[in-house]
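Chains as they are written, first to last, in the working numbering: chain F, 1 to 391; chain B, 1001 to 1391; chain D, 2001 to 2391; chain H, 3001 to 3391.
Treat the hints as calculated values from the structure; they're not laboratory data.
Quick reminder that beta carbons are idealized off the backbone N, C-alpha and C, glycines included.
Watch out, some of these pointers could steer you wrong.
Below 30 Å or equal to it, Euclidean Cα-Cα: the simulated DSS-like pairs (lysine-lysine) are [unchecked claim]:
(1) D:K2285 - H:K3353
(2) H:K3243 - F:K249
(3) D:K2273 - B:K1262
(4) B:K1097 - B:K1129
(5) D:K2285 - B:K1191
(6) F:K285 - H:K3262
(7) H:K3262 - B:K1285
(8) B:K1361 - B:K1097
(9) D:K2285 - F:K285
For the chain D half of the interface with chain B, some residues (derived, Cβ under 10 Å), not all of them [claimed, not checked]:
(10) V2152
(11) K2153
(12) L2157
(13) S2222
(14) Y2241
(15) R2253
(16) I2257
(17) G2260
(18) G2274
(19) I2288
(20) Q2293
(21) L2317
4 protein chains.
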Amino acid sequence: MPQRPLNVGIIGGGGGAFIVNPHQKAIFFDGTRRVSAAALMPDPAQAMEEAENWNYPIQGYPSYDEMLEEELKKPLGERIDYVLIVTPNFVHYDPAKKFLEAGIPVFCEKPLTITVEESQELAAIANSKNIPFCVAHTYLGHWTTRFARHIVKSGLLGDIRWADSSYIQGWLASRAEEAGVQQAEWRVDPKRAGASGCGGDIGTHAYMHLCFITGLEVEEVSAFLVNFVEGRALDDHFTTYCKLSNGGKAMIRASQISIGHKNDMGIEINGDKGSLIWEQENPEKLVILLKGQPERTYWRGDVEANDGFLGDLPEDLMSEPTIPSGHTEGFHDAFARLHRYFEVDVRSYLEGKYEKADGSKYAVVDDGVKALQFISAAVESNNNNNSWVKL
Amino acid sequence: MPQRPLNVGIIGGGGGAFIVNPHQKAIFFDGTRRVSAAALMPDPAQAMEEAENWNYPIQGYPSYDEMLEEELKKPLGERIDYVLIVTPNFVHYDPAKKFLEAGIPVFCEKPLTITVEESQELAAIANSKNIPFCVAHTYLGHWTTRFARHIVKSGLLGDIRWADSSYIQGWLASRAEEAGVQQAEWRVDPKRAGASGCGGDIGTHAYMHLCFITGLEVEEVSAFLVNFVEGRALDDHFTTYCKLSNGGKAMIRASQISIGHKNDMGIEINGDKGSLIWEQENPEKLVILLKGQPERTYWRGDVEANDGFLGDLPEDLMSEPTIPSGHTEGFHDAFARLHRYFEVDVRSYLEGKYEKADGSKYAVVDDGVKALQFISAAVESNNNNNSWVKL
Amino acid sequence: MPQRPLNVGIIGGGGGAFIVNPHQKAIFFDGTRRVSAAALMPDPAQAMEEAENWNYPIQGYPSYDEMLEEELKKPLGERIDYVLIVTPNFVHYDPAKKFLEAGIPVFCEKPLTITVEESQELAAIANSKNIPFCVAHTYLGHWTTRFARHIVKSGLLGDIRWADSSYIQGWLASRAEEAGVQQAEWRVDPKRAGASGCGGDIGTHAYMHLCFITGLEVEEVSAFLVNFVEGRALDDHFTTYCKLSNGGKAMIRASQISIGHKNDMGIEINGDKGSLIWEQENPEKLVILLKGQPERTYWRGDVEANDGFLGDLPEDLMSEPTIPSGHTEGFHDAFARLHRYFEVDVRSYLEGKYEKADGSKYAVVDDGVKALQFISAAVESNNNNNSWVKL
Amino acid sequence: MPQRPLNVGIIGGGGGAFIVNPHQKAIFFDGTRRVSAAALMPDPAQAMEEAENWNYPIQGYPSYDEMLEEELKKPLGERIDYVLIVTPNFVHYDPAKKFLEAGIPVFCEKPLTITVEESQELAAIANSKNIPFCVAHTYLGHWTTRFARHIVKSGLLGDIRWADSSYIQGWLASRAEEAGVQQAEWRVDPKRAGASGCGGDIGTHAYMHLCFITGLEVEEVSAFLVNFVEGRALDDHFTTYCKLSNGGKAMIRASQISIGHKNDMGIEINGDKGSLIWEQENPEKLVILLKGQPERTYWRGDVEANDGFLGDLPEDLMSEPTIPSGHTEGFHDAFARLHRYFEVDVRSYLEGKYEKADGSKYAVVDDGVKALQFISAAVESNNNNNSWVKL
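Given the sequences, and given the hints that come with them, work out the whole structure.
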């Protein structure tokens, strides 16, 4: 049965911000969601001007406060069904809180907020009111990420001993922020980005990937934060050595000064029976390495249950509507998968049937809190001569 | 200025066909196009039933004839702005002809038709009436394909001596058609697929890629077609040796029986100053090899003009709205680029300002004719002991 | 039990020739063979001068005739045990014939001779006198090549349908021969190189690899030879389409004008159950692709019998003394393996126990004849408008 | 002018030890060195028996003491010119000291000894007597390693900010030592291997590679050593975060429990102008990444000076006798290069002209000391809750 497309309101995204583009594509992707409203800029006049010049017709608002007020006046079906927050980090908390309090589901860019306390406050509201909340950890949306999670859970790798989760970039190797690169500017300002620059921006992705795939928690951390580029207030290089909840160990690390790396995020996991390797820039494959066996490369769209190694595979993994292997999925497909899963929860919510998401499809608000706690502990460790800090 | 989204009507695509999915995503991708109507199946009752169960609301029609008739009654803005044809090969000609004659732009799956004559007829109508017509050679939509075309044109590789354009698959290594795989069934039936199976289905992609990137024509061909799987009426393996319009030589080849290959399409071009290599399954990069130089790997989103090798780069190549490098584009992005370019031409057409597309953005109807001529010559050569046949 | 190192005499190799270097390393590699004598240059004075300036002490001779005469006067153990011929192609026949007639085993560079007749004559002598004879098809010496041969023989890939064996280089894309590059000069001269340039020089490697791994014969060939570089008398680009002895088909092809390719030799084989892929520039691995299975990459030194896919593995494959995987073998290791196998046969011969080699360890004289027949048929086909020619 | 081959005596290497094989090949490789004597086993009877069954004739000795005594009685030219020590770590010190005191050059496996003090004692003797001493850090022998060192020195990468040098293996993921694997047994015994297992065995390679290529020293270290396999006395996983002498930072790390990794050693270096990446298992290439430029891959044998990025290249780098690119060098080639360079120094020494090696061709005794100091500091840091320890 066809259903009316869900309406999405956007907060932020004006002024040439990059991240609003993949979100829009992901929203429209399936024909079942659309952008209907937006408060694009902090300045009301600019916000309205950009809305009027938007690529397709939307309802522009001078501020998210007005968007909230006006949209609530509309009947369900016409008003926004969920809100997407793509502002700089320090402007996540306020709109998220207000929309949650009004009962509107929130899809929020990461990191969730700039302090642990703010994130806990959002979690408290979302949980007590049972409202869907997604933190945009895009890379969880790759099919192979979900396949990796299944592999670990299935026991194929045995007990997890070691994981190395990393996100390496090079774009901040020089002072891009002084060259007026908008993306760069606020990311290196503690007031707008939070207590960690590189860690908060991309280290959180590496953290979330590790937790999502292994199902383990980081319990304690010893951290080394560096700002290699002179005059920069926040770290542009972030390395942590972690103790995991099962007794295993891990590194979670990130860099913004490694020239030549684009979005080189990857994870390797070593169990006592085997290993797996995944890379974001080549997201269609998962390499599985078992003792006494040749290397196995599995491709999205070309995985068959009971091939002698994989047993039965979960229905919701295999029925995932995708294109055949060899026709590559990419960043937009991962983004779309998050919005697609979130749509399911939002529709349940609208029907009064929503049960709290368990984090197996996308990062929920509690995951966002944990990521902040991780960053906070890392900053504290670094400030205390890399001593161990518990989360 | 926001513009109303264009309306697209779909012909075919019911019954679980694969190719309708990426087209839909590509249509919705940018928020400026949407699917509004469809005649999904040859059987009227099934067509209506599937439309009623479609994922999002569309106007269902029992047949494309009725779709044409009814849509034409609607005012511009409500009726379909272009039609997408995704039926099996033998059902391209009739709807394409009828919609063209009614002045509706056509976006048609490849190969254009099953005979040269039919394709020429479509070209005659489209050209005489000056109507936008796109043949869905998706792989032209990769940014790197367009970059490769620019590299050749810029002279960086010198005179083109040799090209090897191939498309290797393995999915028809066994009799998938007898196992009831719908995608397989009609592809191996001469009446529905045309005179060549493997050549028509994927050899045409290899042909089009070669012509698009090099700007050269195939003038003469010696061909070797094989059907390796017993009982199959059409070739599942297709190899041609070609003479090019500049005196160079080339191979254009395809296979459906190479187990382990998914959609392994690629091209290498050797000029007298350098070479380039491109691969569809890794579509974000282009490798350029110059004499006495290290290998250069260029990544979409990370190409800078005047790096000492590339001179100025065309505005329309560089301004292409895309995501930064390291966040991979894939199949859907390529599809979307074709529909995005086609949208521009359709809007011009609706405003009465359309000038015939030159084939630099997508394959036009004349390209579709040439591909049919190439296949036709290859079949003739093969039937005559691989002797040379002129196109 | 330690055995005295075998003595090897070299014919050719002076004047900075490249190929004599890897042969010397391969000879010394194991401590059980050494170079003891050499006739390094056609000019007697130069031959003696180079021998006196050789890196280590050798017995220099002004000509191979004198080497033969003088060495035969020495007692076994002091005289040469086998002769290595590394002269340009047209100087293989005469010394090979003379040494064979004197009962000395011959290790000869490829192609065996410049005409089929000459090669048949050598084969007749070697076979009638039962003397070990190795044609230096180095790439058969890679462990993975031998493993590939076993895989095909084991039936894992099913019936062989198609093979694509190629050797792509770029070093003759310009007129290197006119720039005084010694390696290039004689290779493009029909009198010194034979009837085919690119085909004879490296196409023969692609041919031999195909036959060695599949165990099949090429029965008929349609060939396309091109000389892209103006003023060159021999082909620098060589493409053949072949009919195989089991009804399968194949391409055997080579290029010397593909800028950026170094020694890019590779083979892919498609059977009705699976495929294998091997590449000379990455010779430590073999990729095996089976229907419904993930890609398997096997590494030399890390292959275990009965992993669920491979059954028992031949003793002489597994006992091969090598370094552990991850410590790469390369060109010299492959060369050494040929000389190591040849040593075994030469020692048997010296003890009067030699049984004719079956071509499973290295290319024997009969293989050299077949390669010449293949090249001869390809040249004839090309001269007759690419018509089919039987071998 | 030909020179008599140098004579090499081997200490250790019996009983199926792996490492003696590549050394022998490396010794014989060029025809200018040979193995003449050996004390193969600690047990005198076994030592003699193995020598009598050696592959080629050698002078066997029951012990290295007797080898020293007897060889010294022989005249120069007949006696050993240098000694190769391939015993387990705890049997490096004694023979090295004795042979040095007798004036015999020493080529010793790594790590140099099991304590810093022992290594310093060896260095004191070698330096005061000015005797050539090589520590077998094989991977310095790859041409690309030396090229990388040149690249850093040339300033192409700018100031070095960060380096990540790692050596990842999987062979000790289970208790191989209990399964009677000889290679494994002594490596996990503190008395025979030293204070660190994984760090001492392969972490030292990662350390040496970093120092050799960057020319920097490690000044301070915070270390995390783990033994993941139950019941094992020494670390099988080794991670350090380091402060470098130029203010930069680095990780030096190693693992023996990462299933699927063979000898996965690699280094990445990030400067403020660019990066370089090198991998031991693919040792023929060096990737160089410069800001605003495409990725550059340089191949051994295919590097040309003044390509627009590299300026003049050092004579001794470019004149290195090697095979053309595309014919791969491997482990044996790297080993051979060390022995080849050492041969030059030994010949100088024999002629009384030796000037102390500067560590630019191979790791000298002082490098061996530093590696021990690094391991010692890492162990101390780990024992003190990962606190910073100065070297």
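Going through the hints against the structure:
1. Proposed proximity of D:K2285 and H:K3353 is contradicted: the alpha carbons are some 46 Å apart, above 30 Å.
2. Between H:K3243 and F:K249 the alpha-carbon distance is near 22 Å, which keeps this suggested pair within the 30 Å criterion.
3. Between D:K2273 and B:K1262 the alpha-carbon distance is near 15 Å, which keeps this suggested pair within the 30 Å criterion.
4. Between B:K1097 and B:K1129 the CA atoms are separated by roughly 12 Å; this keeps the pair inside 30 Å, and the hint holds.
5. Of the supplied pair hints, the one linking D:K2285 and B:K1191 is violated, its CA atoms being roughly 44 Å apart against a limit of 30 Å.
6. The hinted pair formed by F:K285 and H:K3262 meets the criterion: a straight-line CA distance of about 21 Å does not exceed 30 Å.
7. Taken as a hint, the H:K3262 and B:K1285 pair is honoured in the structure, with Cα atoms around 29 Å apart against an allowance of 30 Å.
8. Among the hinted pairs, B:K1361 with B:K1097 is consistent with the structure: their alpha-carbon atoms are about 23 Å apart, no more than 30 Å.
9. For the hint linking D:K2285 to F:K285, the alpha-carbon distance of about 19 Å falls within 30 Å, and the restraint holds.
10. Annotation: D:V2152 was flagged as interfacial toward chain B, and the flag is violated, the nearest CB pair being 14 Å apart, outside 10 Å.
11. A hinted interface residue such as D:K2153 counts as satisfied when its beta carbon comes closer than 10 Å to some beta carbon of chain B; here the least separation is about 18 Å, so the hint is violated.
12. Satisfaction of the interface hint for D:L2157 is found here, the shortest Cβ-Cβ separation to chain B being roughly 8 Å, below the 10 Å cut-off.
13. For D:S2222, the suggested interface contact is upheld, since its CB lies about 6 Å from the closest CB of chain B, less than 10 Å.
14. The beta carbon of D:Y2241 comes within 5 Å of a beta carbon in chain B, closer than 10 Å, and the hint placing it at the interface holds.
15. With its C-beta approaching chain B no nearer than about 9 Å, D:R2253 sits inside the 10 Å limit, and its interface hint holds.
16. Nearest Cβ of chain B to the Cβ of D:I2257: about 6 Å, under the 10 Å cut. The hint holds.
17. The interface hint given for D:G2260 is met, as the beta carbon of that residue sits about 2 Å from the closest beta carbon of chain B, less than 10 Å.
18. Hint status for D:G2274: holds, given a least beta-carbon distance of 5 Å to chain B, under 10 Å.
19. Because the beta carbon of D:I2288 sits about 8 Å from the nearest beta carbon in chain B, less than 10 Å, this interface hint is met.
20. At about 9 Å, the closest approach between the beta carbon of D:Q2293 and any beta carbon in chain B falls short of 10 Å, and the interface hint on this residue holds.
21. Annotation: D:L2317 was flagged as interfacial toward chain B, and the flag is violated, the nearest CB pair being 23 Å apart, outside 10 Å.
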